[in-house]
Amino acid sequence: MATLETFPSSAAAYFAGVKSALTSVYVIVLMGTYIGLGALTHDAGLSPFWLTTSTVLVWAAPAQLLMISAIGTGGTMVEVALGVTLSAMRLFPMVVALLPVLRGPATRLRDLLLPTHFTAISMWVESLRLLPLVAREHRVAFCNGLSSGYMGTAAVFGFVGYYLAAGLPPLLASVLLFLTPMSFFLSTIKGARLAVDKIALVLGLVLGPLLAYWQVQLDLMWTGVIGGTIAYAFYRIRAVAS
Amino acid sequence: MKEAIVDLGPYFVLILVGFLPNEVWRLVGLVTARGLSEDSELVVWSRTVATALLAGVIAKLILFSSGELAGVALPVRIGAAAFAFLIFLAVKRSVFAGVLAGEAALLLGAYFFP
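If you read the protein sequences in the order shown, they are chains A and F. All letters in the first sequence, in the order written, are residues 229 to 470 by our numbering. All letters in the second sequence, in the order written, are residues 435 to 548 by our numbering.
Please note that a few of the clues may not be correct.
Below, computed lysine to aspartate or glutamate pairings styled on EDC-like, alpha-carbon distance capped at 20 Å [what the hints assert, rightly or not]:
{"hint": "1", "chain 1": "F", "residue 1": "Lys526", "chain 2": "F", "residue 2": "Glu537"}
{"hint": "2", "chain 1": "A", "residue 1": "Lys426", "chain 2": "F", "residue 2": "Glu537"}
{"hint": "3", "chain 1": "A", "residue 1": "Lys247", "chain 2": "A", "residue 2": "Glu233"}
{"hint": "4", "chain 1": "A", "residue 1": "Lys418", "chain 2": "F", "residue 2": "Glu537"}
{"hint": "5", "chain 1": "A", "residue 1": "Lys247", "chain 2": "A", "residue 2": "Asp425"}
To be clear, the hints were calculated from the coordinates, so they are not data collected in a lab.
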């Protein structure tokens, strides 16, 4: 059995986690995503501190995008709350899968509160990959370091995007605003591995603008419910047929 | 619930429609001894609804842009997104390459076809 990585102290484990975060490929993805969200925040007329607060409290880029674009375009509360909670349901199975890896014999529930809050796609993928190599008593500290590395990067680059959007000439500012739809567009395609997810994605791309063009009330909510339910029905029918 | 959310304080909105509906799923995960599997019906449905909704937001950002991006002609925006997708497929499904290509296409398109 391979020996697990041990650290002289929890602080050392924490900083090893920070280092892992800052040297991983996800840090580049986060930079791009949060530069884009920073530019959108500026466009929506919100303060950069609002974005930082949402990065720390929400820590989920799709949910933050939903909020910022709704505030910018005057969306409704119920629509955003529904969108955020539906997009956040993916966090639930992630937390359930992560906690057994983190937990050691001496781990208390409150030690797990911070890693639970930190759970998001980048941190989750890296935690499941790296934590099994770390000694159990240092896993929570390592995971918190990893997560703060990612969150810190996101917070800093949100500011970068905000002030770039504020200071750049219109042509370059438009390129910056294009960053968010592009990075979400392609990373959602990449994440949609199953046919059911691809159908939902295509239906959403078509229904979203159509319902908005027809000025349907709560257009985004209906885009999600109709597009998602059709895709799900397809999944059910195929499961029954096979 | 029909009032535009911009009428309420932005930090109040952040807590009410951002933090709470998001954080609840993390906490449910924490208190659940054993959770649903990734293939359970509810998880699949919620994932498809969330995917379609997010795709709707993305398409609206490209087609009904606001701010400086609205100054770029619609065919240029659509063309740049399509080009990004093609490069993404061509370069081993690389998000980075696709985004870079899309941004370059938008910059050139907006410059030459204002």
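Do the hints match the structure? See the list:
Proposed proximity of F/Lys526 and F/Glu537 is supported: the alpha carbons are some 18 Å apart, at most 20 Å. Proximity of A/Lys426 to F/Glu537 is assessed by CA-CA distance (about 24 Å); at most 20 Å being required, the pair is judged violated. Annotation: proposed proximity of A/Lys247 to A/Glu233 holds, straight-line Cα distance about 15 Å (limit 20 Å). Distance hint between A/Lys418 and F/Glu537 is fulfilled; the C-alpha atoms sit about 18 Å from each other, no more than 20 Å.
Taking the CA atoms of A/Lys247 and A/Asp425, the gap is about 34 Å. The hint is violated against a cut of 20 Å.
The structure is inconsistent with the numbered hints 2 and 5, although it conforms to all the rest.
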